[in-house]
Amino acid sequence: MKVITYYGYTDGSGEYYIVIDAEKCNSCGECISACPQEALQMEDMFIDLEDKPVAAVTEDHRKKIRYTCSPCKPEENSMPCIKSCKKNAISCIWKPL
Amino acid sequence: MTNNNEKTEYWRWLEYKKVMPNKDWKKAKIITAGVDVGSVGSKAVIMLDGEIYAWSVMRTGSNSSDSAKKALGWAMEDTGLTLEDFHYIVGTGYGRVNVPMANRAITEIACHAKGANYIWGPTVRTVLDVGGQDVKAIKIDENGKVVSFLMNDKCAAGTGRGMEVIADLLKIPIEDVGKESLRVNEEPEPVSSTCVVFAKTEAVGLLRKGWTKEKVIAAYVRAMAIRMSDLIEKVGCEKDFVITGGQSKNIGIVKRVENILGVKRLPVPNLKETGLDPVSAGAIGAALFAKALYEKSLKQ
Numbered sequence: 001m002k003v004i005t006y007y008g009y010t011d012g013s014g015e016y017y018i019v020i021d022a023e024k025c026n027s028c029g030e031c032i033s034a035c036p037q038e039a040l041q042m043e044d045m046f047i048d049l050e051d052k053p054v055a056a057v058t059e060d061h062r063k064k065i066r067y068t069c070s071p072c073k074p075e076e077n078s079m080p081c082i083k084s085c086k087k088n089a090i091s092c093i094w095k096p097l
Numbered sequence: 098m099t100n101n102n103e104k105t106e107y108w109r110w111l112e113y114k115k116v117m118p119n120k121d122w123k124k125a126k127i128i129t130a131g132v133d134v135g136s137v138g139s140k141a142v143i144m145l146d147g148e149i150y151a152w153s154v155m156r157t158g159s160n161s162s163d164s165a166k167k168a169l170g171w172a173m174e175d176t177g178l179t180l181e182d183f184h185y186i187v188g189t190g191y192g193r194v195n196v197p198m199a200n201r202a203i204t205e206i207a208c209h210a211k212g213a214n215y216i217w218g219p220t221v222r223t224v225l226d227v228g229g230q231d232v233k234a235i236k237i238d239e240n241g242k243v244v245s246f247l248m249n250d251k252c253a254a255g256t257g258r259g260m261e262v263i264a265d266l267l268k269i270p271i272e273d274v275g276k277e278s279l280r281v282n283e284e285p286e287p288v289s290s291t292c293v294v295f296a297k298t299e300a301v302g303l304l305r306k307g308w309t310k311e312k313v314i315a316a317y318v319r320a321m322a323i324r325m326s327d328l329i330e331k332v333g334c335e336k337d338f339v340i341t342g343g344q345s346k347n348i349g350i351v352k353r354v355e356n357i358l359g360v361k362r363l364p365v366p367n368l369k370e371t372g373l374d375p376v377s378a379g380a381i382g383a384a385l386f387a388k389a390l391y392e393k394s395l396k397q
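So the sequences go chain by chain: A and B.
Numbered according to this note's numbering, the first sequence spans residues 1 to 97.
Numbered according to this note's numbering, the second sequence spans residues 98 to 397.
Treat the hints loosely; a few may be bogus.
To be verified - Which residues of chain A face chain B? A partial, calculated answer using Cβ under 10 Å:
hint : residue
1    : 2
2    : 5
3    : 7
4    : 8
5    : 30
6    : 32
7    : 48
8    : 62
Said to hold, decoys possible - Taking lysine-lysine and the DSSO-like style, the derived pairs with C-alpha atoms no more than 27 Å apart in a straight line are:
hint : chain 1 : residue 1 : chain 2 : residue 2
9    : A       : 24        : B       : 393
10   : B       : 297       : A       : 64
11   : B       : 331       : A       : 2
Claimed, not checked - Simulated coverage check for chain B against chain A, where a stretch passes if three residues somewhere in it have a Cβ under 8 Å from a Cβ of chain A:
hint : stretch
12   : 201-212
13   : 234-245
14   : 327-338
15   : 385-397
Note that these hints are calculated values from the structure, not bench results.
Where a beta carbon is used, it is the ideal one built from N, C-alpha and C, also for glycine.
Model the full structure from these sequences, guided by the hints.
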């Protein structure tokens with residue numbers, strides 16, 4: 001079952017999203033230790049009447065993701081979270097105007 | 098005094114409830130409830146064997162737990178039901194962890210998807226949920242399962258709370274905001290601020306410039322509709338398209354989102370006859386999950 005979550009926002013300055021694929025995520029937690037900003041955590045998602053722990057951006061960081069993630073240079077696709085994920089469950093959309 | 102107060106509270110919307118006649122809970126095998134405590138509205142839906150029996154929509158108070166109790170209590174009123182009669186209760190929404198009588202909490206994304214599927218059937222693919230404090234675009238499959246979702250909760254703009262603030266400022270009753278916003282010959286420039294606090298300041302400026310109330314509300318509603326449409330375009334708008342949440346009643350939002358996306362939403366069912374209320378989609382989904390979880394617990 002494919003469940004893709006977009007964490008972030010579009011505002012006057014551009015589009016900023018961290019995208020997590022719950023089907024691919026194997027709940028290993030590598031991305032959580034890889035994130036230098038401590039912006040990721042495991043969150044239960046309700047899929048097929050079961051709770052599956054899936055990587056998620058913490059609520060605090062969702063509203064300021066542009067500032068949280070920019071030190072990792074998302075536009076160069078070199079983010080530690082994305083690199084750490086062996087299942088390719090994490091990607092990003094980064095389009096500053 | 099009371100009369101005077103009512104006139105000044107333009108944001109205040111009508112709370113409502115109903116118990117379906119010709120239905121008897123004593124004959125039901127499984128009695129469940131879904132309680133959706135939103136930031137602005139609290140919704141409770143009671144189901145008998147997966148069919149809607151009673152519901153209520155109330156304003157959320159300062160305390161989530163009290164709001165949950167009040168909403169469910171109001172839906173139960175005149176039914177003779179007590180809390181002990183329920184087999185399973187699911188809490189959802191912004192205040193879901195504070196629904197004291199719930200057996201468990203489920204995120205509102207899953208509940209809205211399930212509720213939309215129940216209200217409109219298996220053809221629904223895209224759900225725009227415009228709540229009191231955030232806007233969600235949810236893509237679902239034919240079973241009402243979430244495929245992808247995107248939430249914009251950066252600030253209260255484009256949501257029910259923002260509408261309440263503007264309704265109060267312009268002295269337009271909240272129920273008439275949508276209709277009033279459509280009383281313009283041509284669409285004005287949308288307000289540029291995405292934050293409700295700045296948008297309010299901008300609206301005051303436009304009024305001083307001599308804009309009519311209709312034109313100002315149109316500029317505000319249009320800005321919000323553009324933001325919602327952007328959100329939907331990110332996940333992709335696939336037919337059938339529906340709108341849930343409190344702002345599904347705002348015809349000014351609905352018409353503009355339809356125009357921008359070039360897609361009509363599915364029509365809203367007759368609430369009084371069916372209980373299929375887009376405002377209560379989350380609570381309906383929660384009550385359905387409650388039934389499924391109860392049945393699952395019996396098998397184990």
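Right, here's what the structure says about each hint:
1. 2: At 6 Å from the nearest chain B Cβ, residue 2 of chain A passes the 10 Å test, so the hint holds.
2. 5: holds, 6 Å
3. 7: Holds. Min distance 8 Å.
4. 8: Hint holds; residue 8 of chain A Cβ to chain B Cβ min 8 Å, cut 10 Å.
5. 30: violated, 23 Å
6. 32: violated, 20 Å
7. 48: holds, 8 Å
8. 62: holds, 7 Å
9. A:24 <-> B:393: holds, 26 Å
10. B:297 <-> A:64: Given that 27 Å is the threshold and the Cα spacing comes to 23 Å, the pair holds.
11. B:331 <-> A:2: holds, 17 Å
12. 201-212: n = 3 at 8 Å, threshold three: holds.
13. 234-245: Result for this restraint: holds, n = 4.
14. 327-338: holds (count 4)
15. 385-397: holds (count 4)
Against the hints set out earlier in the document, violations occur for numbers 5 and 6.
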